[in-house]
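Asker: Going down the list, the sequences are from chains A and B.
Letter 281 of the first sequence, counting from 1, is numbered 281 in our numbering, and no numbers are missing.
Letter 25 of the second sequence, counting from 1, is numbered 1025 in our numbering, and no numbers are missing.
Calculated from the structure, these hints are not laboratory results.
There are no misleading hints in this set.
Here are a few chain A residues that face chain B, going by a calculated C-beta distance under 7 Å: (1) Ile52; (2) Pro63; (3) Glu66; (4) Asn352; (5) Ala377.
Note that the Cβ used here is the ideal one computed from N, Cα and C, for glycine as well.
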Amino acid sequence: MSAFAEKTDVVIVGSGAAGSLMAAKLSKAGKKVIILEAGPERTLNDLISSQINARRLKWSGEPVQEKGAQPIGNVFNSGYGTGGSALHHYGVWPRLHTEDFNVKSLHGRSLDWPITYDDLRPYYDKIQQEVGISGDKASEIWRPEGDDYPLPPVPIFQQSEIIAKGFKNLGKRTSPLPLALNSRDYKGRPGCLWDGWCDAGCPTKALVNPLALYLPEAKKMGARVIHDATATRILTDNSGKKAVGVKYHTKEGIEVTQMADLVILAAFAVQNPRLLLNSADGGLANRSGLVGSYIMSHAAATVFGLFDQETEPYMGATGGQLLNQDSYDHKDQRDSGFGSYQWMIAQAVKPNDLLGFGGSNPALFGKKLTEFMKRAAQHFGGMTGCVEDLPLRENRVTLSADKDKFGMALASVAHTAHADSLALWQAAKAEGVEIFKAADAVQVWNGPLGPMHIMGGTIMGDDGEKSVTNSYGQCHDIDNLFIAGSGLFPTSGGVNPTFTVHALSLRSSEYIVKNWSSLT
Amino acid sequence: MVNLTPAQAKERKIPFQALNKDQAALIDHLGDAIVPGAKKVGLSHYIDHQLSAKHADNLLILRYLRVNPPFDGFYASSLTAFERAVTRKYNKNPSELTESEMTDFITIMMQKNPEGWNDAPPAPFFYFVLRSDAIDVTYGTMAAFDSLDIPYMAHIDPTQTWENIP
Ligand SMILES: Cc1cc2nc3c(=O)[nH]c(=O)nc-3n(C[C@H](O)[C@H](O)[C@H](O)COP(=O)(O)OP(=O)(O)OC[C@H]3O[C@@H](n4cnc5c(N)ncnc54)[C@H](O)[C@@H]3O)c2cc1C
Ligand code: SF4
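Full structure from sequences and hints, please.
Answerer: Next up, the structure:
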């Protein structure tokens, strides 16, 4: 069965970080906006404080086939339903550094962005003012220029104090972790309660997830979110140079044609290229042949320890409390490997789940595990290195021969990290162990390589032969087709991506509003 | 519809839906050896309940681990391989193993496929998954937090009713 929906100004595919922000800004500018969200509707009341229930928020759309030596962990790293991955993200929001934008020019390897830090800086500043980031610019000595954080830093609990000593003893520095959550009430949203349930989604709006801010704003301005609506094809006119809408399937199996003046793909790094590749022979907006290429995922370098002192490991936010970026700038000056990494220190942990302390040392079982669980509940400490993943053309999303229930080819994602990224990850792990020893941990161990965040796949650039979009996310080949989200990143840097996703999305929204008549 | 926790479902001997009785017994036996206490809190009922839910509602850790649904075959084939490999090594059923035999066997299976472990996911992977399931049900509840002296501090309390028995 098929149906036609009334034409709209803008159709956005995906209600996550990028989609909800752009919907808010474009509807505020008077555009009629429809968001198509493949997953179910979720409300703040669905964000139950349990690591088991939290799994409901993970990707449960059509399966993604993963290949390569270091697969990207799509299900763990993606969300589904209102708010997307951002609904249960941890709100660690550092900025990219100046060098991240010019890696190729500076070092003759990796890629350049088509913009510099200075181009993005005003958008970082505007966004942090809008959403409220807690941090301390003065002690975050590595941070590039920009405004002070609007909120004071998050409090420090025992776990941080203990681990910070290790950094200090080795002559390394720590600062409060910049977190997109409220250290006190901010613009009508409450302060954080430091209970560590962010991974299950923050229902109080203390953390900036789409349900806390941009989706309600978008709805207030008239935007409509249609849930259980999976976009399956981007429609173009006969020339193939103008997008005219999107086809989507409802839960009931109805194929709906949604015509629009402008189309924005905000379905995250894997599903955006899947949609483009499924929309035309050889892929839509794919003159460069790069739709799907340069998929990246930070390698998580996990360090765990037990301490004699009580650490209160359950207190704080899931993202952590302190930051260290001593190994960030001068990517070519690492002892081993190439790139940048940062430490996110003292994450609040629960006993169970992949990131829980019970999972930290899988070799323990039986009585030893029981003893460990009791001790770790009060004496555990941990930190995670976010290690840059160098972009490789062959790390990419392609179409599988298998199809989903709508007849759309599934995404297959290959990812094998560059040897220099792996070397950097190894070095980070070893450094972490030294830091924990210097903090007098009585036991220290590392976890295996875990993929963290997904980026790339529809990279931006100046040259239409070497990238998919320009710096606004506008497809080189189709003026009124935009892509939003971390899929645009040509390089991953060694920081969490979502502050940058917001800054880029705001910049694109302003561009669209300003150029509306020539774009449509 | 009555909502029960896995432990209550176990106590009331609620029939399994996705697992057969032998599979459930094997899960409890091995799971409890890996995570003591898992059997008592209803590990097999927890897994059975999750396996019989539709994918979006299936909360098993397997979701994260690049195994596409349905998951029944994962457990069924691993349990068959487990039983076969134990019999090959000790000429006994898993339930007849002494504590130290079980410990030795788990030590092997967490590192490599024991002899006779075939037509199934790798043994170390199955170990990791079953261990995580058992930790979920043993340590992921409000009662378990309490016993570890961890303040739960829920924003919204979990229902803990993973069993929906018609
Ligand atoms: C556990 C976890 C913790 C994280 N913590 C941090 C952190 O601390 N800091 C940080 O910077 N980042 C973090 N991230 C990453 C962050 O969530 C993402 O970078 C961000 O959400 C990406 O935004 P997006 O809008 O591109 O995609 P998403 O937020 O994932 O939104 C995409 C949406 O598109 C929908 N969709 C997909 N396909 C279709 C289709 N065909 N039709 C319709 N809709 C579709 C999806 O269902 C989803 O809702 C974390 C992620 C996870 C999973
Ligand atoms: S710790 Fe703070 S941000 Fe995280 S869920 Fe609780 S109130 Fe929300």
